[in-house]
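Each protein sequence line maps, in turn, to chains A and B.
Read left to right, the first sequence gives residues 1 to 191 (the UniProt record's numbering).
Read left to right, the second sequence gives residues 1 to 351 (the UniProt record's numbering).
Hint data in this document are derived by calculation from the structure and do not stem from the laboratory.
Here a beta-carbon is modelled for each residue, glycine too, at the ideal position from N, C-alpha and C.
A couple of the hints might just be wrong.
Stated by the list, open to error - Below, computed lysine-lysine pairings styled on DSSO-like, alpha-carbon distance capped at 27 Å: (1) K145(A) / K226(B); (2) K227(B) / K135(A); (3) K134(A) / K226(B); (4) K227(B) / K134(A); (5) K138(A) / K255(B).
Stated by the list, open to error - Derived, one-sided and incomplete: chain A residues facing chain B with beta-carbon distance under 8 Å: (6) L144; (7) K145; (8) L164; (9) A184.
Unchecked claim - Label pairs and their calculated CB-CB ranges: (10) S229(B) / K138(A): 12 to 20 Å; (11) S229(B) / G123(A): 52 to 60 Å; (12) S112(A) / A258(B): 51 to 59 Å; (13) S10(A) / I228(B): 39 to 47 Å; (14) I228(B) / S112(A): 25 to 33 Å; (15) I228(B) / A104(A): 46 to 54 Å.
Read off the chains here:
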Amino acid sequence: MKARMGYSTSLKQEFLQKWIKGLHIYSNFKKDMSILERKKAIKLSADVAIASTRNSSTRWSRTLTANISKNVTNKILVEQIFSDPEVIKNKASNRLITCSNRIASRKILRRSHITQIRARKMGPYAVKASSIAKKLVKNRTQVLKSLVPGGENMDEISLIKETLDYIVSLRVQVDVMRRLASAAEHSTRSL
Amino acid sequence: MEPKVEATELEYRSGICGLKPGDIGFDDIHGLISAPPPPPETSSSFTALLELPAPQAVELLVNSLEVADEFPAKPDIAHFPPPQIFPSNIALIDHASKFSSLPLADNSSENYSLLSVSSSKKLDIVKQEQMDSDSNPNGSSPAISDQILKSSKRKEREKKVKESNKKSKKVVQNESYEEGGEKLPYVYVRARRGQATDSHSLAERARREKINARMRLLQDMVPGCKKISGTAMVLDEIINHVQTLQSQVELLSMKLAAATPRFDFNPDTLLAAESGSLMDSSHPGMFTPSVWPEGQINGNSQQSQQLWHFDGLQPVWGGEENNSNFITPDNSFLSYDTSRNSAAASLHSSQ
Chain A
1 MKARMGYSTS LKQEFLQKWI KGLHIYSNFK KDMSILERKK AIKLSADVAI
51 ASTRNSSTRW SRTLTANISK NVTNKILVEQ IFSDPEVIKN KASNRLITCS
101 NRIASRKILR RSHITQIRAR KMGPYAVKAS SIAKKLVKNR TQVLKSLVPG
151 GENMDEISLI KETLDYIVSL RVQVDVMRRL ASAAEHSTRS L
Chain B
1 MEPKVEATEL EYRSGICGLK PGDIGFDDIH GLISAPPPPP ETSSSFTALL
51 ELPAPQAVEL LVNSLEVADE FPAKPDIAHF PPPQIFPSNI ALIDHASKFS
101 SLPLADNSSE NYSLLSVSSS KKLDIVKQEQ MDSDSNPNGS SPAISDQILK
151 SSKRKEREKK VKESNKKSKK VVQNESYEEG GEKLPYVYVR ARRGQATDSH
201 SLAERARREK INARMRLLQD MVPGCKKISG TAMVLDEIIN HVQTLQSQVE
251 LLSMKLAAAT PRFDFNPDTL LAAESGSLMD SSHPGMFTPS VWPEGQINGN
301 SQQSQQLWHF DGLQPVWGGE ENNSNFITPD NSFLSYDTSR NSAAASLHSS
351 Q
């Protein structure tokens, strides 16, 4: 239990520090932002911070930083928050494309083979029911892929793993942000 | 974490076969067991990420499985302890896979699947082609029990889960067990009785087991998912959860943007208020000077020094009168910077 508490707390703190760092950079960079700009800055810093806690070990973090870095101004921010320069993201995207074709064709072959066998073994209704269920699952996985950054090219197994990691990080992010927001509100309200 | 799980696994095995040396390379097995398995990097970080010690994860699974376990011929194989099931512990799976390379002594129609523990609580209908214990518990049990006893002596070392699910209403292919063409290092799958044992289906089954194991982990992660059965529903919940979290991030960033003073976007003041709540989550707004000496924020103090420049705070106390709101929080905020205590003291006194 203690280990668990320690891990998430340290994660939160790491996120918080990086986030504050990003916010600082933003505030130094541009004074007097409108509320929307501020919101965008806050969200961007938070995203970069939470992605950097993973140190590019997960695909979603790499994709997230890559997407953010597309904007040149943001790239500076990204590089400052990360201790080392972001060269990994380029490599990652290349790897994806080459593997996915092979995997896709293998999957198609396997699927057809499997359906033949199943059609022989099971009754006709069972096959249909299972195919409907499969379709449902497939739809959901598509949606999930669109939600998790970088999830498009992943196979199911790693998708689930990435989702898990992503959920944990999102929770950390939300938790810290919520506390900050409530504290800020509290201080503005009380004074 | 890892060694402890290993130890229980060892006990399990020796308990089953009574340390019979007649089996193949039993000493090798022991050597393999005792050698600490190099956990794949992903797995160690994965379990750490889940913040679940392996025994706890195991326990989760055991509890969920004991409910589902309804093998009727259990008394015949009473010497099998209730399954210590570690299928979702990837490190263990990796460890178990080492045994897949050991040749079998005997062919038998009795086949067990390592990770098919979920068979009695199927996640999706798709898995119909896998055996369903619920569907056929009675008819085959007497015949099976003999085979079980026979094969048990030869196969315990490879058996981690006593899989009771037998399938006999499907086309029975009682062919010999084939050490499947399972090349993945992480999952060890054995074909069950009556199932095709070609490498494709084995690989397919291994893949399914992997997916199911991770889905279980996800189910534990997402609140309210444990009772749901069916992959589609669980995925629904997961999607819902992710969407909720993402929208919360948006909302909170908007809220924060609104809460900071319009003329000055300075996160320092917010941090001061916030870090107090991080410390003990009690009273975010009350910053008395007594907070000041306690630099209790774990690691914040040493890392914050370079971040919050003293000069950066000046604009806050500049001519703007609204900024005076934040003076009190700022003092406590300064406390985190132990090297600038003197400066903080001067600030404090100047208030």
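Okay, the hints, checked on the actual structure:
{"no.": "1", "hint": "K145(A) / K226(B)", "verdict": "22 Å, holds"}
{"no.": "2", "hint": "K227(B) / K135(A)", "verdict": "22 Å, holds"}
{"no.": "3", "hint": "K134(A) / K226(B)", "verdict": "21 Å, holds"}
{"no.": "4", "hint": "K227(B) / K134(A)", "verdict": "21 Å, holds"}
{"no.": "5", "hint": "K138(A) / K255(B)", "verdict": "36 Å, violated"}
{"no.": "6", "hint": "L144", "verdict": "6 Å, holds"}
{"no.": "7", "hint": "K145", "verdict": "10 Å, violated"}
{"no.": "8", "hint": "L164", "verdict": "6 Å, holds"}
{"no.": "9", "hint": "A184", "verdict": "4 Å, holds"}
{"no.": "10", "hint": "S229(B) / K138(A): 12 to 20 Å", "verdict": "19 Å, holds"}
{"no.": "11", "hint": "S229(B) / G123(A): 52 to 60 Å", "verdict": "22 Å, violated"}
{"no.": "12", "hint": "S112(A) / A258(B): 51 to 59 Å", "verdict": "55 Å, holds"}
{"no.": "13", "hint": "S10(A) / I228(B): 39 to 47 Å", "verdict": "32 Å, violated"}
{"no.": "14", "hint": "I228(B) / S112(A): 25 to 33 Å", "verdict": "31 Å, holds"}
{"no.": "15", "hint": "I228(B) / A104(A): 46 to 54 Å", "verdict": "30 Å, violated"}
Taken one by one, the earlier hints fail for this structure at numbers 5, 7, 11, 13, 15, listed in ascending order.
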